[in-house]
Amino acid sequence: MTIPPHTPKTLTLVFASLWILLLGSALIGFLNLGHYNIVVSVAIAAVQAFFITGFFMKALYERKIILVVVAGGIIWFLIMETLTLADYMSRGWLPFPGK
Amino acid sequence: MTEPTLSGTALLELREHFENPEQQRETASIGMWVFLITEVMMFGALFTGFTVYRLSNPAAFDEGSKEMTIVLGAVNTALLILSSFTMSLGTYFCSIGKTRLLSYFLILTMVIGAVFIGIKFTEYYLHWQDHKVPGFWFEYHGADARAVQMFYVFYFILTGLHVVHMTIGIGILLVMLWRNLLGSFSATYHTPVDLAGVYWSFVDIIWIFLFAIFYIPGLHLR
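Protein sequences, first through last, are from chains A and B.
Here our numbering is used: the first residue of the first sequence is 1, the next is one more, and so on.
Here our numbering is used: the first residue of the second sequence is 100, the next is one more, and so on.
Wrong hints could be hidden among the right ones.
Said to hold, decoys possible - Some but not every residue of chain A turned toward chain B, in silico, with C-beta under 10 Å: (1) 31; (2) 49; (3) 57; (4) 60; (5) 62; (6) 94; (7) 96.
Stated by the list, open to error - The following residues of chain B were derived to be distant from chain A, with all beta-carbon distances above 12 Å: (8) 124; (9) 152; (10) 241; (11) 244; (12) 256; (13) 266; (14) 317; (15) 320.
Everything labelled a hint here was simulated from the structure, so no lab data went into it.
Bear in mind the structure is a predicted one, so any value in this text is a computation, not a measurement.
Each residue gets a CB set at the ideal place from its N, CA and C atoms; glycine is no exception.
All chains, full assembly: derive it from the sequences and hints.
Structure representation (structure tokens):
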């Protein structure tokens, strides 16, 4: 039997951090940051997602091959997201004859 | 260091096409992560659609977000984080051989998940009463009502899909509890519980992003 690296102490610290980030996200939401409100809230969510993936899902303790699978999936998703949004956001930038 | 000898549940659960439990565990783990990547693609497409419409109608989407009940959303987020924590504790205790504690934490996780779904349906009921369900009944008296309705279309599709995942998650945890009570898991064999925990935490991550895009952006308008 091997002792797993994720001890209850580590998990409790991660859990407390996640609740603090949740509180921070809700409080910052009351500030008027214009278009940046959603940017900040999604950024905080991304930090929370990192903690959950790393510790609760134990990705940080997995073998390299699994980290490659996870990283590959996320990078591929971001490529598709970027290309799709670049297409939508750039529509109308150039004049088309007849439009 | 000598290789650990196979015994008990680890030997019973080792399928013939794997050389050892570690290879079997790694294969199952990769399978679960690849599945989760496909889930990211599915939710990602919906998030992308939301982003496109939000970029076109930022003010209307903020108005839609203003109508959300932040207390219920925040409590639900806190509950889901708590459920991921209890699930992680359960898998930890299983991995050191304390399978009875795994049963307790599985039950606790399922109860928290059920409370989450209960609160979510309470929110749906409130939206129904306020005529905020998209369709003929939808009512919004401010400017740009169609864009606000679009916000609610994304809200119901994404949160509804999330609730479906939560329900499936509770079903998976029920199976894990049943198998644990039958003595299937031990310190040497607990891959299914680990992977059930990975799935559960993934569903938690999805909700955290849903909370960030649906509940927070309209808070400053209150």
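Checked hints:
The interface hint given for residue 31 of chain A holds, since its Cβ lies 6 Å from the closest Cβ of chain B, which is under the 10 Å cut-off. Hint status for residue 49 of chain A: holds, given a least beta-carbon distance of 5 Å to chain B, under 10 Å. Interface restraint check for residue 57 of chain A: the shortest CB-CB distance to chain B comes to about 5 Å, inside 10 Å, so the restraint holds. Here the hint on residue 60 of chain A is broken, as its CB sits about 13 Å from the closest CB of chain B, past 10 Å.
A cut of 10 Å between beta carbons decides the hint on residue 62 of chain A: the least distance to chain B is about 7 Å, and the hint holds. Given the 10 Å rule on beta carbons, the hint for residue 94 of chain A is violated: about 18 Å separates it from the nearest Cβ of chain B. At a threshold of 10 Å, the smallest CB-CB gap from residue 96 of chain A to chain B is about 19 Å, leaving the interface hint violated. Remark: the non-interface label on residue 124 of chain B conflicts with the geometry, its nearest Cβ contact in chain A lying 10 Å away (cut-off 12 Å).
At the 12 Å boundary, the C-beta of residue 152 of chain B falls inside the reach of chain A, the nearest C-beta of that chain being 10 Å off. Distance to chain A confirms residue 241 of chain B as a non-interface residue, since its nearest Cβ pair spans about 18 Å, more than 12 Å. Look at residue 244 of chain B: its CB is around 21 Å from the nearest CB on chain A, clear of 12 Å, so calling it non-interface holds up. Distance check on residue 256 of chain B: its Cβ is at least 18 Å (rounded) from any Cβ of chain A, clearing the 12 Å threshold; non-interface status holds.
The beta carbon of residue 266 of chain B is kept farther than 12 Å from every beta carbon of chain A, the shortest such distance being approximately 20 Å. Some Cβ of chain A comes within 12 Å of the Cβ of residue 317 of chain B; the nearest lies about 8 Å off, and the non-interface call is violated. Distance check for residue 320 of chain B against chain A: the nearest CB is about 8 Å away, which does not clear 12 Å, and the non-interface claim fails.
When each numbered hint is compared with the structure, violations occur for hints 4, 6, 7, 8, 9, 14, 15.
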